[in-house]
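Enquirer: Given the coordinates of chain A, assemble chain B onto it according to the supplied hints.
Chain residues, written in single-letter form:
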Amino acid sequence: MKMSEFESLSHHEQLAILYQDGVYIGKRRTGELTRLLFQLEAFYIEISYRSYRKAIHKICCSHSTVILEPYLEQIEIEYLVT
Amino acid sequence: MVKSTIPKNIVFYADDDTDDLELVKDAFDKFTNNVEVVTAKDGVQALAYLQSLNDFTLTPCLIILDVNMPILSGRDVLRKIKEIPSISSVPVVLFSTSSSALDKEFAKKYNAGFVTKPLDISQMKMITELFIDHCSDEIKRNIRRHLQ
Chain A
1279 MKMSEFESLS
1289 HHEQLAILYQ
1299 DGVYIGKRRT
1309 GELTRLLFQL
1319 EAFYIEISYR
1329 SYRKAIHKIC
1339 CSHSTVILEP
1349 YLEQIEIEYL
1359 VT
Chain B
-17 MVKSTIPKNI
-7 VFYADDDTDD
3 LELVKDAFDK
13 FTNNVEVVTA
23 KDGVQALAYL
33 QSLNDFTLTP
43 CLIILDVNMP
53 ILSGRDVLRK
63 IKEIPSISSV
73 PVVLFSTSSS
83 ALDKEFAKKY
93 NAGFVTKPLD
103 ISQMKMITEL
113 FIDHCSDEIK
123 RNIRRHLQ
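Chains as they are written, first to last, in this note's numbering: chain A, 1279 to 1360; chain B, -17 to 130.
Just chain B, same shape as in the assembly:
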């Protein structure tokens, strides 16, 4: 797990693909003044982090989950999140290379968003905006107001 020291708006992202972890972290670089991307390398690590959150830690403003992770998939983590009262209302986005209708339906069933991974880095700017669109209105305003 990689975490920087300055607490900001936390975007939590779990993915077993290190290339995609880097891609998303780089995409949020322009929001570095007030967004911190915390990452996990698989679903188990993601769930452990989310279950460890308490009144003294910052709750993420957005949770992004890769769908296809080994052992505990993004779908599994999403189900678990909805069983944890303290984070069940945090916006969640399922993130996948596949644009499977089944995954989209699953996301909808659990009140989560669904975003298809980019095919090229040029699509990442649009995708980052889609991520931010899933945050609460206050967080959205806050993130976009403090662009570098």
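This is chain A alone, in the form it adopts within the complex:
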């Protein structure tokens, strides 16, 4: 799926695809928002919640790896290599 195709879907459809095929990368908090980052094929999707798992603020997509930076320190390298 291309990023443009994903972006054209409703939130409900996007979440169903992410639940099934998204690869979870990390979670972070900024102010009152909780954010989850996923990879889907060649792009990244960040879900921002006003209320975690209950109320979505927005869903952003990006091809850029810049979106990864705030999450990198949380990846469990030790677990991945053992």
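These are computed hints drawn from the structure, not numbers from a lab. Wrong hints could be hidden among the right ones.
What the hints assert, rightly or not - DMTMM-like mimics (lysine to aspartate or glutamate), calculated; alpha carbons at most 25 Å apart, straight line:
| id | chain 1 | residue 1 | chain 2 | residue 2 |
| --- | --- | --- | --- | --- |
| 1 | B | 122 | B | 2 |
| 2 | A | 1332 | B | 4 |
| 3 | A | 1332 | B | 102 |
| 4 | B | 86 | B | -2 |
| 5 | B | 107 | A | 1299 |
| 6 | A | 1332 | B | 2 |
| 7 | A | 1280 | A | 1310 |
| 8 | B | 86 | B | 111 |
| 9 | A | 1336 | B | -1 |
| 10 | B | 23 | B | 1 |
| 11 | A | 1280 | B | 102 |
| 12 | A | 1305 | B | 18 |
| 13 | A | 1336 | A | 1310 |
| 14 | A | 1336 | B | 58 |
| 15 | B | 62 | B | 18 |
| 16 | A | 1332 | B | 87 |
| 17 | B | 64 | B | 87 |
Expert: Showing chain B alone in chain A's frame:
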């Protein structure tokens, strides 16, 4: 640890994320007639509870473990559960935001289920049914028969 007073079918759930604890407890609300959700806030507390079970206490019909808990992870607790004869046959589900193939393989190796956490509360009804599907046939029938 939070526990109500009326003994029913016990679903035991350990997670360090208080939002997820609330989400799962709320999801089982419709089964409140015969399901009690007992919770622990980390793996250490979870293991202490499970090791304290004896002939005079109710054994959970299902154990749900968050995978990524500090100090003692869900994977660690699952390994320990399999070493305790009195609870080694209780169905266990690993519960995680990640759908990591490694975690799924780990769950399979220890004869446990694996369920990915919801991205939205609308997915929680389906996930609660997945949890119940892991219980024994008798418990499944019992839980679903007594819907409010």
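Enquirer: Between residue 1336 of chain A and residue 1310 of chain A, is the straight-line Cα distance small enough, at 25 Å or below?
Expert: holds (13 Å)
Enquirer: Hinted pair, alpha-carbon criterion (25 Å max): residue 1336 of chain A, residue -1 of chain B. Please report holds or violated.
Expert: Holds, at roughly 22 Å.
Enquirer: Does the alpha-carbon distance linking residue 122 of chain B and residue 2 of chain B stay inside the 25 Å limit?
Expert: The given pair, whose Cα atoms are some 23 Å apart, holds under the 25 Å limit.
Enquirer: Regarding the pair residue 107 of chain B and residue 1299 of chain A, is the alpha-carbon distance no greater than 25 Å?
Expert: holds (19 Å)
Enquirer: Is residue 86 of chain B within 25 Å of residue 111 of chain B, Cα to Cα?
Expert: Holds. Residue 86 of chain B to residue 111 of chain B sits at ~19 Å (cutoff 25 Å).
Enquirer: With the threshold set at 25 Å, check whether the alpha-carbon distance from residue 62 of chain B to residue 18 of chain B stays at or below it.
Expert: holds (23 Å)
Enquirer: Is residue 64 of chain B within 25 Å of residue 87 of chain B, Cα to Cα?
Expert: Holds, because 16 Å separates the two Cα atoms, which is no more than 25 Å.
Enquirer: Residue 1336 of chain A and residue 58 of chain B were given as a pair; does the straight-line alpha-carbon distance stay at or below 25 Å?
Expert: violated (35 Å)
Enquirer: Compare the distance between the alpha carbons of residue 1280 of chain A and residue 1310 of chain A with 25 Å, and conclude whether the hinted pair is satisfied.
Expert: Status violated; Cα separation ~31 Å.
Enquirer: Has the given pair, residue 1280 of chain A with residue 102 of chain B, been kept, meaning a C-alpha gap of at most 25 Å?
Expert: holds (23 Å)
Enquirer: Residue 1332 of chain A and residue 102 of chain B were given as a pair; does the straight-line alpha-carbon distance stay at or below 25 Å?
Expert: Since the Cα atoms of residue 1332 of chain A and residue 102 of chain B sit roughly 6 Å apart, the hinted pair holds (cutoff 25 Å).
Enquirer: Hey, residue 1332 of chain A versus residue 4 of chain B, does the alpha-carbon distance stay inside 25 Å?
Expert: holds (11 Å)
Violated hints for the displayed structure, listed by number in ascending order: 7, 12, 14, 16.
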